[in-house]
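Q: Chains U and P, in that order, are what the protein sequence lines are.
259 is the number that this note's numbering gives the last residue of the first sequence; the numbers go up by one with no jumps.
259 is the number that this note's numbering gives the last residue of the second sequence; the numbers go up by one with no jumps.
Honestly, I wouldn't trust all of these hints.
Here are the simulated lysine-lysine pairs, DSSO-like style, with alpha carbons at most 27 Å apart [as the list claims (entries may be wrong)]:
| hint | chain 1 | residue 1 | chain 2 | residue 2 |
| --- | --- | --- | --- | --- |
| 1 | U | LYS17 | P | LYS60 |
| 2 | U | LYS219 | U | LYS17 |
| 3 | P | LYS219 | U | LYS60 |
| 4 | P | LYS220 | U | LYS60 |
| 5 | P | LYS45 | P | LYS17 |
| 6 | U | LYS17 | U | LYS60 |
| 7 | P | LYS60 | U | LYS220 |
| 8 | P | LYS60 | U | LYS219 |
| 9 | P | LYS17 | U | LYS60 |
Covered by chain U, according to a simulated footprint, are these stretches of chain P (three or more residues, beta-carbon under 8 Å) [claimed, not checked]:
| hint | stretch |
| --- | --- |
| 10 | 63-77 |
| 11 | 97-105 |
| 12 | 108-118 |
Keep in mind that the hints were calculated from the coordinates and are not lab data.
Small disclaimer: the values here were computed from a predicted structure and weren't measured.
Note that the Cβ used here is the ideal one computed from N, Cα and C, for glycine as well.
There are 2 protein chains.
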Amino acid sequence: PLKKIMTTNVISVKTDTDQEEVARQVAHYDLLAIPVTDAENKLLGVVTVDDVIDVIKEEATEDIFYMAGVDVHDHVYTPVRGSVRRRLPWLGINLVTALIAASVVAFFEPTIARFSFLAVFLPVVAGMGGNCGTQTLTVMVRGLALGELTWANSRAALAKESLVGITNGLALGFVAGFAAYLWKSNAVLGLVLAGAMIINMFVAGVTGSVIPLLLKKINVDPAIASGIILTTFTDVTGFLSFLGLASLLLHYIPVS
Amino acid sequence: PLKKIMTTNVISVKTDTDQEEVARQVAHYDLLAIPVTDAENKLLGVVTVDDVIDVIKEEATEDIFYMAGVDVHDHVYTPVRGSVRRRLPWLGINLVTALIAASVVAFFEPTIARFSFLAVFLPVVAGMGGNCGTQTLTVMVRGLALGELTWANSRAALAKESLVGITNGLALGFVAGFAAYLWKSNAVLGLVLAGAMIINMFVAGVTGSVIPLLLKKINVDPAIASGIILTTFTDVTGFLSFLGLASLLLHYIPVS
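Same shape as in the complex, but just chain U (with noise of 0.2 Å):
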C-alpha cells in the first residue's frame, strides 16, 4: 500500500503564497515539485521545478532591471518606443531629484564664484558617495532576495553598512584630499575635500541600508525606488557638505 512508501510530513504552499517564496522552499528542499493547497489543507495543484527556474529567472531580471530603472518588459528587441515610453518616466523622475539636488550648488554660487575651484570636486564628492551607497543597496537588496536580510538581523546590518561607509570614506577621503592639497597647494581645500567624502560616505552607508528595509516595510519592493532615494540624499549631502564646509573654512583664507 502507498502507505508505506509516502511522506506525511510534506512541505506544500497556499494558493496566495508569493512566487518567490515559493521558488524559495522548492529551491531550498531540492524538490521537484510542490504541492499547492487552499486554507482546509485541500490539494488544488502542483508547481513543478521548470516553473519555478522561470520563477527564479524573472525575480532576478527583476531586481536588477529596477535597481537601474528599466521595465521588465524591455528587453534588448523592444522597439524604440516601447524601450522609450518604458525608461522616460524614470529619467524625469532623475532629472527632477537631480534639480533639486543642483538647487543646493546653487544656494553656494556666490562662494563658487569666488572659489571657481569647487566645481571641480562637485561631480567627484556626489559620485563616490552615489557608489558607496550602491553597493550597500545592492547588498541590502539581494540579501532581502535571496532571504538572508531579516528584520531581526537588520540593526546588525545597519551597523556594519554605516562602519563600512565611514571606514571607505576615511580611506578615500583622505586620497582624495591629498590630490586637492597637491593640485591647488591649499591645504584647506584638501581638508574640506577629505571632510565631506567622510561625511558622505558615512550617510551613503546608512541610507543604502535603511531605504530597502523601510520600502519592505511598507510593502514596496525595495529595488523599484531605492536607488533614486539613495543618490537623492547621497548629492544633496554632498553637495551641501562641501560647500558648506569650503564656505566655513575657505573665506578666513586669502585666494591663491
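We have chain U already, so just place chain P on it with the hints.
A: Quick look at chain P alone, frame taken from chain U:
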C-alpha cells in the same frame, strides 16, 4: 526492452561547458537532469535541476553585484573588514576615473569663474547621461546573460539604443533647458544645457550598448567593468559638451 522507451535524441553537455550554459539548456528544455559526457560521448555524470537552480541564483547575484562594484562573496553578514577589503579597490578605481573626469572641469575653470551658475548644472548633465547609459547597459548585460542578445542581432540593438538615448535626450534636454532659462532668464544657458544633455544621452546610448559587447568579445564578464567605463565616458562627455558649448556661446553674451 529499454530500447522501446528510451529517447535516443539526448541533450547533453561536455565537461568543459560553462555552468551558465548548462543552466540555460536545463531551463530551456525543462529537464530534471542533464547528462555530462566527454569528447567521445562517454557518460561521465549528470547535473540535476536542484543544482541548476543554485547556479541560476548565483549567476544572477553575480550580475547584480558586479554591476554595482560588489564582490559575490560580500553579503549582509560579511564582517566589516571583509566588506571593506572587497569594496575599497572598486571605489578606488572609481575615484581615479572621477578625478580624470574632474580634470575636464578644471580645464574650464576660467569659464566657471566668470559664469558661476554653470557649476549648478555640471552634476545634472553628467548624472542624466550616467542614468540613461545604465538603463541601456542593464538591458544589454541581462540580454547577454539570458541569451537574448547575440553577436548577430547586436547591430540592431546598438541602433535601437542610440535612438532611445537621443529621444530621451531630446525630451529631457528641452525640459531641463527650459527650467534653466526660467531660472536665469538666459536663453543661451537653456540652449547650452539642452544641447549638452542631448549629446550626452546619445553618447550614453552608444557606449552603453557597445561596451558590454566589446567586453564579451574579449572574454571579460560584461557585468564587471561596464558600469565604470560607461560613467567615465558619460562624465567626460557631459562636462566637455556642457562647458565646451558654454565657452563657445556664453562668451559672446553679456553677464546677466
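Q: Now, for every hint given, state plainly whether the structure supports it.
A: So, going through the hints one by one against the coordinates:
Restraint check: the Cα-Cα separation between LYS17 of chain U and LYS60 of chain P comes to about 24 Å, which is no more than 27 Å; the hinted pair holds. With a CA separation close to 22 Å, the supplied pair LYS219 of chain U and LYS17 of chain U stays within the 27 Å bound. With a C-alpha separation of about 21 Å, the suggested pairing of LYS219 of chain P with LYS60 of chain U holds against the 27 Å cut-off. With a C-alpha separation of about 24 Å, the suggested pair LYS220 of chain P and LYS60 of chain U falls inside the 27 Å cut-off, and the hint holds.
With a CA separation close to 10 Å, the supplied pair LYS45 of chain P and LYS17 of chain P stays within the 27 Å bound. With a C-alpha separation of about 22 Å, the suggested pair LYS17 of chain U and LYS60 of chain U falls inside the 27 Å cut-off, and the hint holds. As the CA atoms of LYS60 of chain P and LYS220 of chain U are separated by approximately 24 Å, the hinted pair is consistent with the 27 Å bound. At most 27 Å may separate the alpha-carbon atoms for a hinted pair to count; LYS60 of chain P and LYS219 of chain U meet this at roughly 21 Å.
Between LYS17 of chain P and LYS60 of chain U the alpha-carbon distance is near 24 Å, which keeps this suggested pair within the 27 Å criterion. Only residues whose C-beta sits within less than 8 Å of a C-beta in chain U count toward coverage, and the stretch 63-77 of chain P has 10 of them, enough to reach three; the restraint holds. Look at the stretch 97-105 of chain P against chain U: 6 of its residues bring a Cβ nearer than 8 Å to a Cβ of that chain, three or more, so the hint holds. Beta-carbon proximity to chain U at under 8 Å applies to 6 residues in the stretch 108-118 of chain P; the threshold of 3 is reached and the given coverage holds.
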